[in-house]
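Undergrad: Take a look at the letters that make up each chain.
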Amino acid sequence: MTTERCREWRESLGAHALGQLPEEERAALEAHLEGCPECRAELSSLAGVARLLPMADPEHFDTAPTPPPSLADQVVATIRAERRKGRRRRLRLGLAFSGVTAVVAAAALAIFVLPGGSGGTPEQHVSFASLPSGLHIAATLEPHAYGTEIHMYVKGAPSGTLCRVFVRGPNGVRQSAGSFRYRWGDDSDAVLSAALDLSRTKALGVRVGGRTFVAPVDSGEAA
Amino acid sequence: MPPGALSRERDVREAYAAHAGELYGFAVRSLGDSGLAEEAVQETFLRAWRAGARFDPQIGSLRTWLFAILRNVVIDLGRARASRPTVAEGGIEPTVEPFEEALLSWQVEEAMRRIGDQHRRVLVETYYRGRPYAEVAAELGVPEGTVKSRVYYGLRALRVALEEIGYDD
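Which chain is which? The protein sequence lines are A and B, in order. Here the first sequence stands for residues 7 to 229, where the numbers follow our numbering. Here the second sequence stands for residues 730 to 898, where the numbers follow our numbering.
There could be a bad hint or two in this list.
Said to hold, decoys possible - Some, not all, of what chain A presents toward chain B, calculated at C-beta under 10 angstroms:
id, residue
1, 20
2, 21
3, 29
4, 33
5, 34
6, 38
7, 89
8, 150
9, 151
Keep in mind that the hints were calculated from the coordinates and are not lab data. Every residue gets a Cβ at the ideal spot worked out from N, C-alpha and C, and that includes glycine.
Produce the complete structure using the sequences and hints provided.
TA: Structure representation (structure tokens):
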């Protein structure tokens, strides 16, 4: 084994790879390299790294640029918007293949779905006032031909809390929109639906654990 | 959907926490503009999320996959930018070449940031500033032989760091 003898030579290999070794030292090292395949292999590997050094700018060694803190939320917001678009698309497809004839389906699409997508009643953001501190609830309602799609965002309840969602119509009639469980760490929204048109929805309620919170919905039918 | 796919918002947040710093650092380096770099990172995660089901952790890491997407985004952005002012006369299509170069530059710089201060220091002084070993040794208050061995161990550390960040010769 030549390891011990090689150690000293080894430590010159970096300088050699960078062309920094004085002439006489270089000659001696090269003589050693002739008879030492291990050191030759090490030199060739270091030379591979040395070749890359000119690619870098030492001005950039000290600090890496960091993204602004708001970028994370922007990324998530972009994806949420994209997901909503995707759901609308899926809904249209769902109707198109629902067993009615294609012509009827196309008519239904034209009449009911398209206005829900872009024109018609716009989506509604609902905020819940006077929540206990630490608890955060928000919702977005989207109009659809079948009724209203409800996106619930809950934060700050104990993990596993059952949340029941309902809507109220013009004369106070309550309709269930289903339930979900809030899981700690999962910040995705729960998606529910109710068979009540958004234009007729007056209030959105959610029972979180043992407490009920109700928020008014501005359904666009002013007065 | 395979495990690790970016199908849920939570997955996206986790992937962002793990890789956005590097992706952004590289995007800034290659686009030379922090606004465009933000756009590129946002677009990268959006495309990753759209194609989430196609990600297969058996084939490669999430990081490699995200970098591959960013690569396309950067090329698209570069193209869009190049076509804005004077595309008619020049008709120069940005090729993959500048991207690979930018990636390499970024990788070496990132590797330099990851190795120890002492190692980086001797490489900067002797290689980038071209200063003699004796001078650097005197400044650092160490024997010349120490500068030489730090250059050696510095290059080795750099090699390891490059492998870590996915440099593949």
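Undergrad: Run every hint past the structure and note whether it holds.
TA: Status of the hints after comparison with the structure:
no.: 1; hint: 20; result: holds (3 angstroms)
no.: 2; hint: 21; result: holds (5 angstroms)
no.: 3; hint: 29; result: violated (14 angstroms)
no.: 4; hint: 33; result: violated (16 angstroms)
no.: 5; hint: 34; result: violated (14 angstroms)
no.: 6; hint: 38; result: violated (15 angstroms)
no.: 7; hint: 89; result: holds (8 angstroms)
no.: 8; hint: 150; result: violated (22 angstroms)
no.: 9; hint: 151; result: violated (26 angstroms)
In summary, the numbered hints that this structure violates are 3, 4, 5, 6, 8, 9.
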